[in-house]
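Trainee: Here are the chains, one letter per residue:
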Amino acid sequence: MARAQPSSPARDSARLVPISIAGRVPRVALVGAPNTGKTSLFNALTGFRRHVANYPGVTVDVAEGPIRGLPTRIDLLDLPGCYSLDAVAPDERVTVQVLQGAAHQRGAPEAILVVVDAADLRRTMFLAHQVLELGRPTVVALNMIDVARRRGLAIDCDALAKSLGCPVVAVCAPNPDTLPPLRAAIAAVLQAAPRENAKQPPARKESYADAAARRFREIDALLSGVMRQVGKAQIPWSERIDDWLTHRWFGFPLLLLVLFTIFQLLFVGAQPLTDGIDAGAQALSNFVAARLSDGPLRSLICDGLIGGVGGVVVFLPQIMLLFAAIAALEDCGYLARAAFMLDRPMRLIGLSGRTFIPLLSAFACAVPAILGARSIPHRGERFLTILLAPFMSCSARLPVYVLFIAAFVPDQRLLGGVVGVQGLVMFAMYLVGAMAAIPLAWLIRRTVLRGAAAPFVLELPSYQRPRLRAIYERVIAAAREFLWRAGTLIVIVNLIVWALAYFPRSTATAQRIAAEPGFAAESDEVRAARLQAAYLEDSYLGRVGHWIEPAVRPIGWDWRIGMAAAAAFPAREVVIGTMGTIFGLGADQDESSTSLRDALRSATWPDGRRLITLPTALSIMVFFALCAQCSSTLVVMGRELRSWRWPVISFIGMTTIAYLGSWVVFNVAAALLHA
Amino acid sequence: MHRKPATTPLVDLPIGTRASVRALRETDPAARRLMELGVVPGAAIELTGYAPLGGAIRVRLGGHQIALRREEAALIEIRLGSWNEDVADAAGSGPTGDGTGATVASSAARVFAA
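Protein chains in written order, with our numbering: chain Y, 1 to 675; chain H, 1001 to 1114.
What the hints contain is simulated information worked out from the structure, not anything from laboratory work.
Be careful, since some hints might not be right.
Taking beta-carbon pairs under 7 Å as the criterion, some of the chain H residues facing chain Y (in silico) [stated by the list, open to error]:
id	residue
1	ARG1033
2	GLY1038
3	VAL1040
4	PRO1041
5	GLU1046
6	LEU1047
7	ALA1051
8	ILE1066
9	GLU1072
10	ALA1074
11	GLU1077
12	LEU1080
13	GLY1081
Some, not all, of what chain Y presents toward chain H, calculated at C-beta under 7 Å [stated by the list, open to error]:
id	residue
14	ASP120
15	ARG149
16	ARG344
17	GLU459
Owing to the predicted nature of the structure, the values given are computational and were not obtained by experimental measurement.
Yeah, the Cβ is synthetic: ideal placement off N, Cα and C, and Gly gets one too.
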């Protein structure tokens, strides 16, 4: 991003002498209150080269990266945002731990870079004021100086530096021209002799409120003569928008409209890309099939690999779109407003509005949602958020919905073509998990996690244009994770399922089928199809499947669906691949257009009835909506709650709820359709 | 504008009410977070809206907005009619500005000293 500018970083730092503290790379801790642009500044300084720092003692990953454009290496540590050093939430405690030198063999970082928001200086100085009392080499970065200027504020950096007793550099993180002075200042404080506990704060006996009030008084004194209102200050446009977006009457319908639009968009927006990938996988499969003779190898490649992995990769566009939408909503500041509006309903189930943010991100993936719950100070609320996150319909469930909705829900439009039935069913699937979570949360809050309601105090950051770079990063990370899983876990599970479904393929089966009356009279195509079906029935998978079939019959499934679902317990999106493998093997190999959708549509019970009708499709979708089919989520849950008991309870509970839910939906839908 | 300063908890007030924080019931665990967010004695505070389904309010404190529940708002004791434009401006985004370039932070400091 940094281009050759009049003041290039190299020239600015040329006058620096190399720094080395006891022969080691110095580390600078980056701290700041939430919404001060701390992470943007980290990315601007390090050029997105981050990796997880080695902090074995802490529960939150601390990112670390070398600062660009300096002659010697200085590492910047991105610590979790916090409002003060009197931390309450688990992630804030990490910041305090690292600053105090705990959790790392080398002790505290050599210097501290505090970010403050120039446009909201008085409040964000609170943390800086505390950090300066630590008496360690410190630089203050006055971020968002451009916003402050637009609000008519003039800030005298030199005067502020003098009154704070440390370098103060005005920056605007997205603008690389503003960064060289900050880099130089960081290098300079590291070179200066460490001022050990330069001004130890006198020990005072005062209440927290008195201390806070004193701090703000001191901040006001520091800022006097430093900050001036030169232009006309206006009410930020962000607040005027809020009058509409969180309006007493329009706010809530608008929120529902935003969420509903995202789900409609997932279906419509990603369709061309999805179709393209689907066609590509099909073409590849045909290409390979035409060049290999019939046998295990062709089946392995076409059914096991291309059919399985291709079936999963097809959903990449939709998953990327969902992550992009949630990242954009969060980045622009709307999610905080949604939390504000939803506090009342969330409260009815013993949660507060702030849990809405991790829970909404669980719609993309439960793992980051569970990790995100670290910012919740209230312990009971944090527990409950973690337990409920897997109920939110994550992006790995999306393929299941898309597949079954596209295949079995009629493509009709309502209300003059604006609302599609398929989109509506999709929206309903997303609600299923949330609806199941409501009574459950209520129950847990009244039994296991009793206690006073969590308080709700949340900053509403100013609206900003979503930063494309931040969204891009999130989407790419999600896509990479998804493809990695498709390439590893899903391939392995698929290959096992393929092998179990393909072998033993004994000649006894072929002879038995050939001996059936009327077989010889059938056309070649029908004979081939019946033979494939018989091979599958007699496979190892088929034998186990028949054994479990009684368990899944009540929810409208046959053994093939049951086995595909059972194979999906390590990761739910596996089911697409296993269904592709199982139903592909059962189908005629020579027919070229056997997409999974068609294979599922044409699958039948042994008596010739259609296997999957609308009630069965709904039953499958509800099962996947409610079941805990994700090993990563359970592992992360156990790690975060520091107990294996919760994931076990969660797994058993969710599987039971999923089964009951499917049973109800299947029977109700079947009764309605036949009525 | 209110002539007589009246002290009241920050609940059941009309949107647009401006006041200054007089005290905070600090025994409550939420009080600490409120203070970190700038709700300290002397701060200028403005009620900017109610949540659509009730329960929560949003308030402006100088340059930023926060959302809080009725229960947490009840912890905040305010003094009506003591809204000081300078206090609001000092925090970065007051509704008015006279353009004279007066040092607003110093007048804010005077308010606190008073």
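Trainee: Taking each numbered hint in turn, which are not upheld by the structure, reported in ascending numerical order?
Mentor: Failing hints, ascending: 5, 6, 10, 11, 12, 13 and 15.
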